[in-house]
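S.K.: With chain W's structure known, arrange chain U on it following the hints.
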Amino acid sequence: MTPAISTRGLTRRFRGSFGVGDLDLTVPAGSIYGFLGPNGAGKTTTIRLLLDLLRPDAGTIELFGRRLDRGHRDALALVGALVEMPSLYAHLTGRENVEVTRRLLDVPRQRIDAVLRRVGLEDSAHRRVREYSLGMRQRLAIALALLGEPRLLVLDEPSNGLDPAGIVEMRALLRELASDGVTVFVSSHLLAEMEQLATHVGVLQAGSLRFEGTAGELRARVNARLAIRCGDAARASALLTANGETFVQDGDTLYVTLSTRDEAQVNALLVANGIPVSHLAREHASLESLFFELTAARPAREAA
Amino acid sequence: MTPLVRALSAELLKLRRTLALWMCLIAPATVVVLLVLQMTFSRGPAMQPTPEAAWLMFAHGVLGIWCFLMLPLFVTLQSALLAALEHSENQWKHLLALPLPRHVHYVAKWVALVVLLLVAFVVLCVLVPIGGWVLDLLKPDFGIGGPPPLWMLVRTSAAAFAASLLIVSLHTWIALRWRSFTVAVAIGMSATVCGFLIGQSERFGYWYPWSMPLHVMAGKGQHLELVVLVGVAGGLVVALLGPLDFGRRDVS
Numbered sequence: 009m010t011p012a013i014s015t016r017g018l019t020r021r022f023r024g025s026f027g028v029g030d031l032d033l034t035v036p037a038g039s040i041y042g043f044l045g046p047n048g049a050g051k052t053t054t055i056r057l058l059l060d061l062l063r064p065d066a067g068t069i070e071l072f073g074r075r076l077d078r079g080h081r082d083a084l085a086l087v088g089a090l091v092e093m094p095s096l097y098a099h100l101t102g103r104e105n106v107e108v109t110r111r112l113l114d115v116p117r118q119r120i121d122a123v124l125r126r127v128g129l130e131d132s133a134h135r136r137v138r139e140y141s142l143g144m145r146q147r148l149a150i151a152l153a154l155l156g157e158p159r160l161l162v163l164d165e166p167s168n169g170l171d172p173a174g175i176v177e178m179r180a181l182l183r184e185l186a187s188d189g190v191t192v193f194v195s196s197h198l199l200a201e202m203e204q205l206a207t208h209v210g211v212l213q214a215g216s217l218r219f220e221g222t223a224g225e226l227r228a229r230v231n232a233r234l235a236i237r238c239g240d241a242a243r244a245s246a247l248l249t250a251n252g253e254t255f256v257q258d259g260d261t262l263y264v265t266l267s268t269r270d271e272a273q274v275n276a277l278l279v280a281n282g283i284p285v286s287h288l289a290r291e292h293a294s295l296e297s298l299f300f301e302l303t304a305a306r307p308a309r310e311a312a
Numbered sequence: 078m079t080p081l082v083r084a085l086s087a088e089l090l091k092l093r094r095t096l097a098l099w100m101c102l103i104a105p106a107t108v109v110v111l112l113v114l115q116m117t118f119s120r121g122p123a124m125q126p127t128p129e130a131a132w133l134m135f136a137h138g139v140l141g142i143w144c145f146l147m148l149p150l151f152v153t154l155q156s157a158l159l160a161a162l163e164h165s166e167n168q169w170k171h172l173l174a175l176p177l178p179r180h181v182h183y184v185a186k187w188v189a190l191v192v193l194l195l196v197a198f199v200v201l202c203v204l205v206p207i208g209g210w211v212l213d214l215l216k217p218d219f220g221i222g223g224p225p226p227l228w229m230l231v232r233t234s235a236a237a238f239a240a241s242l243l244i245v246s247l248h249t250w251i252a253l254r255w256r257s258f259t260v261a262v263a264i265g266m267s268a269t270v271c272g273f274l275i276g277q278s279e280r281f282g283y284w285y286p287w288s289m290p291l292h293v294m295a296g297k298g299q300h301l302e303l304v305v306l307v308g309v310a311g312g313l314v315v316a317l318l319g320p321l322d323f324g325r326r327d328v329s
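Protein chains in written order, with this note's numbering: chain W, 9 to 312; chain U, 78 to 329.
Do not rely on the hints blindly, as some may be mistaken.
As the list claims (entries may be wrong) - Cβ-Cβ distance ranges computed for the label pairs, FRET-style:
#1 W:128 to U:318: 40 to 48 Å
#2 U:94 to W:175: 27 to 35 Å
#3 U:306 to W:142: 48 to 56 Å
#4 U:107 to W:79: 41 to 49 Å
Claimed, not checked - Derived list of chain W stretches under chain U, where covered just means 3 residues or more per stretch with a C-beta under 8 Å from a C-beta of chain U:
#5 51 to 63
#6 76 to 82
#7 178 to 190
#8 216 to 229
Hints in this document: simulated from the structure, not taken from any laboratory.
Positions of the beta carbon are idealized from the N, C-alpha and C atoms, including for glycine.
If we strip away everything but chain W, and leave its shape as in the complex, we get (with noise of 0.2 Å):
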C-alpha cells in the first residue's frame, strides 16, 4: 500500500540550529503516527516542510505517492493541517472563519455544519473567535483542517494548552478520524498522550530520525525487565551474580534485565537455591523511557 507521507533524503537547514537533515520518513495509510521528539529537534520544521511552507535545501516528499514541491501543490487537496497555534480570523465569528477556508477549497456549504458538529462547535459558531477559549480555538482549527475532507490529517502538538478534559476529547476525536480511515500524523513532546494513541513512532532528535516503527517495535528494542522482592536480597545478588544475571538493586527490590531467561525461569532459580519470593512483576518500558533512551544516547551537538 502506498504511504500516506514517504521523505527521502529530506534536509533543510537553518544558520545557528539544526533544521533536519537527510529524513526518510514512511507513514503508513491509515496508521496514527507519533512525530516524537524533544523541543527544537525539528518536529515543526519537518512539519513546515511536508506542508511546503518552507522549501527543502534537499530530498524529496510524497504524499500518498503524489510529488511534492512549489511547483506540483495539488497533494495538498488530501491534507487538513493545524501547524502550533490555530490561526484565525477573530474578528469573525466561528462559522464565518469556516466559511473563510470553505470559499478557498470551493467545498460544499453543508461540510461547514458537518465539521463544526464533529468537533462539538454547532452552538458556539455565531460567537466572534475573540471570545473563544483556548481549547475552542484549538477544536475551530480542527475543523478548518477537516473541511476538505482529507485522507492525511497533520497536527503539531496538538493537546498544547489544553486541559486534561481537552486532551482527552482530542485524543477520541483522532481515534474516531483514524477509524474513519484518516491517517493521522501528530507530533508532540507529551510521550504518555502517544503511548495510548500511536500505533507507528518516529523519534527525532537534533534533526534525525532516530527511530521509525510500530510502538511494539520500539518496546520490543529495549528488554523488559523484573521487579523482585525477596527474603534475602543479599543471597539473592550473589546467585544471580553468578548465574551470569544482570540487575539493578533500589532498596529491597532488584530489577533484572530479562534476557537469557524468563521470569519463570528467574523465580524457579531463587526458589531452588532456598530464597522465598515475596513479590515477582514484569515491567513493560514505557515509551517515555525508551525515548531518553534513544535521544539521550548520543549528544545532541554530534548530530549537528
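M.R.: Structure of chain U alone, referenced to chain W:
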C-alpha cells in the same frame, strides 16, 4: 470557480467588521469636512468668482488635499490593515498549506486594495457635491451655485486613481513582505512626508510615485498623461513581480 475568484470571495468575507472597510468612508469624508470648514471660516476671495469657478475652487481644494496627503496615507494604512489580517496570527501557515497556487493570495490582496481605493474615490465623488451644497448653506458668500462640476470631478479622480496604482502595488508588496505593521506604516508615512519636498520639484516631482496622483492636477495638467501611464504600467509591473517574490518565500 477559479482559485483567484475563490480567494477574492474569501477576502471579502474577511473584511467584515474591519476598520479597513470603514476607512473608505472616513478618509474621503475627513477631507471634505476639513475643506468645508476651512472655506467656511476663511475670508474668501477678494473678487467674487462665478458660481462655476467657486465650485471648481472647492472641488480642486478637496482633490488637492486628497491626492497630496490623504491618498498616500490611505494606501499605506489599508495595505497594512489587509496584510495584518494574515500577519497577526500567522494565518499564512494555514493559507499557504491549502492546495491553491501561492500567488493567488498575493493577487487577491492587491485586488482588494485596488477595490478599496476605488470605493474611496467613488465616495469622494459623491461627497464633494454634498460638501459644496453644505458650504453654500453655511457661507453663501463663497458663491457656489448651479450644478457641481461632475465631469471634472470624475475625470480628475479617474486619472488620480490610475496614477496611484504604482504606490498601490509597492505598498501591497511592502505590507506583505514584512510582518510588522509598523514597518509598513513607517515606510508609507516617510514616503508621504518626502513627497512634501520631492513632489514640488519641477524636474523630479512627477517621477516620485507618492506624488504621481497629485501631478494629475499640477499646473495645467502637463504631466497628466505621463503620470497616468507610468502609474498604470509601473503598477502592473510591480504587481506582477510581487507574486514571484512571495511565491519563493518560506513561512517561518
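S.K.: With a Cβ-Cβ cutoff of 8 Å, does the region 216 to 229 of chain W contain at least three residues near chain U?
M.R.: Since 0 is below three, the answer is violated.
S.K.: Against chain U, does the region 76 to 82 of chain W show at least 3 residues with beta-carbon separation below 8 Å?
M.R.: Since three or more residues must qualify, the claim that chain U covers the region 76 to 82 of chain W holds, with 3 doing so at under 8 Å.
S.K.: Closer than 8 Å, Cβ to Cβ, for at least three residues: run that test on the region 178 to 190 of chain W against chain U and report holds or violated.
M.R.: violated (count 0)
S.K.: Taking 8 Å as the C-beta cutoff, is the stated coverage of the region 51 to 63 of chain W by chain U satisfied by three or more residues?
M.R.: Since three or more residues must qualify, the claim that chain U covers the region 51 to 63 of chain W holds, with 6 doing so at under 8 Å.
S.K.: In this structure, is the beta-carbon distance linking residue 94 of chain U and residue 175 of chain W contained in 27 to 35 Å?
M.R.: holds, 33 Å
S.K.: Using the Cβ atoms, figure out if residue 306 of chain U sits within 48 to 56 Å of residue 142 of chain W.
M.R.: The hinted range 48 to 56 Å holds for residue 306 of chain U and residue 142 of chain W, with Cβ atoms some 53 Å apart.
S.K.: For the range 40 to 48 Å, tell me whether the beta carbons of residue 128 of chain W and residue 318 of chain U fit it or not.
M.R.: holds, 46 Å
S.K.: 41 to 49 Å was suggested as the range; check whether the CB atoms of residue 107 of chain U and residue 79 of chain W agree with it.
M.R.: Holds: the Cβ-Cβ distance is about 47 Å, inside 41 to 49 Å.
Comparing the model with each earlier hint shows violations of hints 7, 8; every other hint is respected.
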